Amino acid sequence: MGLTLVTVDGERVSAGCAAALVRLNEAFRAQFGLELRVSSGYRSTEEQTAIFLERFHVQDEGDGPFGDVRYWNDQRWVRHSSEGTVAAPGTSRHERSGAVDLRDTGSDPGVTTEGTVRSDWLRANGPSFGFQPTGFGFGEAWHYDYDGPQDGPATTKGPATTEGAAQSGAQTTTSEQPRERAMRDSVVRTFTPWLVGALIGWLISLGWEIDDTWRTLITVATALVISMIYYAVVRFLETKVAPRFGWLLGVARSPNYHRRR
Numbered sequence: 000m001g002l003t004l005v006t007v008d009g010e011r012v013s014a015g016c017a018a019a020l021v022r023l024n025e026a027f028r029a030q031f032g033l034e035l036r037v038s039s040g041y042r043s044t045e046e047q048t049a050i051f052l053e054r055f056h057v058q059d060e061g062d063g064p065f066g067d068v069r070y071w072n073d074q075r076w077v078r079h080s081s082e083g084t085v086a087a088p089g090t091s092r093h094e095r096s097g098a099v100d101l102r103d104t105g106s107d108p109g110v111t112t113e114g115t116v117r118s119d120w121l122r123a124n125g126p127s128f129g130f131q132p133t134g135f136g137f138g139e140a141w142h143y144d145y146d147g148p149q150d151g152p153a154t155t156k157g158p159a160t161t162e163g164a165a166q167s168g169a170q171t172t173t174s175e176q177p178r179e180r181a182m183r184d185s186v187v188r189t190f191t192p193w194l195v196g197a198l199i200g201w202l203i204s205l206g207w208e209i210d211d212t213w214r215t216l217i218t219v220a221t222a223l224v225i226s227m228i229y230y231a232v233v234r235f236l237e238t239k240v241a242p243r244f245g246w247l248l249g250v251a252r253s254p255n256y257h258r259r260r
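Residue numbering for the sequence shown follows numbering that gives the first Met the number 0, beginning at 0 and increasing consecutively.
The hints are simulated quantities; they were obtained by calculation from the structure and are not laboratory data. Remember, predicted model here, so these are calculated numbers, not experimental data. Among the hints, a few may not be true.
As the list claims (entries may be wrong) - Restraint ranges, calculated between C-beta atoms of paired labels, are given here:
1) Gln74 with Asp150: 15 to 25 Å
2) Gly66 with Thr104: 31 to 41 Å
3) Gly66 with Val232: 52 to 62 Å
4) Thr212 with Glu113: 49 to 59 Å
5) Asp73 with Asp211: 19 to 29 Å
6) Thr44 with Ala123: 48 to 58 Å
Here a beta-carbon is modelled for each residue, glycine too, at the ideal position from N, C-alpha and C.
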């Protein structure tokens, strides 16, 4: 019998993990009056591959801007994305329903930020429910490895007030799969600032009496500057603002919006 997946907060987890989340959430609610939410659960190999390829590039030398190097498919990969590290396809516990990313319903960072009261509580109490705080070892306070039984009740309620409480059955299909969403947002995130910048540059050049060569140079230069500003703003949102105003990342089409929502 294959792994039975159920849906909790729009993310897939094993039935056993969902049942453990119910118990963990009850204890968390009793302590803080808030709910835990699942930001990421099971990922297929295809989904893990799509995320990995977004963040890592083949590079024979150098460690890149983040010093994050992986080896996969007999090639050396270096991370060039500010969106955080990710395991190489075939090695992630998310692919075995052995990991979940958690957040809570508080208005402050909560369990997603190391050192907060709720994060400390979850780190100390999670293991009693089968959730090991392994993410602290690589800067992801929200990442927990699940080492409990994968099988569970045929039907489970999931966290008590979770939208779309966990449903029984095999892998479920949502209106938009994570891989499709990641690919779409990658295209939007890459080309939108360039197109906006090119348009602004072209409009600026119309006010000058210059030949087409200079007009093209101004258009390209403006597109480059606008893109650099855009990526700097997104990085700021991801690291400084997202815990309280995560919806701004949705405007920027950042993958971190989907992980934090």
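Against the structure, the hints come out as follows:
Taking the beta carbon of each, glutamine 74 and aspartate 150 are about 37 Å apart, not inside 15 to 25 Å as hinted. For the pair glycine 66 and threonine 104, the beta carbons lie near 35 Å from each other, so the given range of 31 to 41 Å is met. A hinted range of 52 to 62 Å for the beta carbons of glycine 66 and valine 232 is inconsistent with their spacing of about 24 Å. For threonine 212 and glutamate 113, the Cβ-Cβ distance of about 53 Å falls inside the hinted range of 49 to 59 Å, so the restraint holds.
The given range of 19 to 29 Å is broken by aspartate 73 and aspartate 211, whose C-beta atoms sit roughly 47 Å from each other. Remark: the range hint 48 to 58 Å for threonine 44 to alanine 123 is contradicted by a beta-carbon distance near 33 Å.
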